[in-house]
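2 protein chains.
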Amino acid sequence: MDATELLVCIKCRKGQDIPADDRRPGRALYDALAACALPEGVTLRAVDCLQNCDHGCSVALRGGNRWTYVFGNVDEASQADMLIEGAALYHATQDGLIPWRARPEHFKRNCVARIPPLTFSDPETTP
Amino acid sequence: MDATELLVCIKCRKGQDIPADDRRPGRALYDALAACALPEGVTLRAVDCLQNCDHGCSVALRGGNRWTYVFGNVDEASQADMLIEGAALYHATQDGLIPWRARPEHFKRNCVARIPPLTFSDPETTP
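Protein sequence lines, in the order shown, are assigned to chains E and S. Note that the first sequence covers residues 1 to 127 in the working numbering. Note that the second sequence covers residues 1 to 127 in the working numbering.
Looking at chain E on its own, in the form it has when it is part of the complex (with noise of 0.2 Å):
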């Protein structure tokens, strides 16, 4: 199974003011993440910014010839497990298609975007 990475914005501050030598709530999720242990074949990666600014904490999961996806609204104090376990199912799928049923219910309610893998196929066109 093709690597997957779990890309966390470390600069979300959840539309908070932040003192500036305070740890932001994004670095705060990818701390709670790096003490985590990591499913096999799961990379942890930190990102300046993924601008989903106004629905922070934000990740997204990638790799292989998977759509991307991007999910907003983590909490950083309580859903590291979660998306370990989001993390584990969609690195267990060729597409990056987690089976409806099986998706946790955050990913369900809170996927801000996804984006199609660099090799998929044109729906019909022609008109």
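No lab work stands behind these hints: they were computed from the structure. Glycine included, C-beta positions come from ideal geometry on N, C-alpha and C. All the given hints hold, so there is nothing to weed out.
Okay, the calculated beta carbon distance ranges per label pair:
1) E:73 - S:97: 19 to 27 Å
2) S:117 - E:41: 15 to 23 Å
3) S:23 - E:21: 49 to 57 Å
Got chain E; can you put chain S on it based on the hints?
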């Protein structure tokens, strides 16, 4: 310059009830773009769903080792030219970051998310 893809969600309903046999706003946007002269190096591609359904119509720009950008709230009737201009500006960059002042106003205010290129520098995350 590496090729750029302009991806258009053709399933977008813009939150409206659309009769099954009617052309959806997303498809109308695709058709409007398909009728335009595309900048050199830019390919137009239809996508079944970018899952930015609360803020449609939606498009993405990607290609080469650039950041991928997703933009929402595109008006299918009036903004094809803006997207063509934005795609040309994006394609002219190495990294996908259109200089702020040159960025179309719509891009400034309607970026849904961005995804780093496959190769990117990890920000500092040592404690």
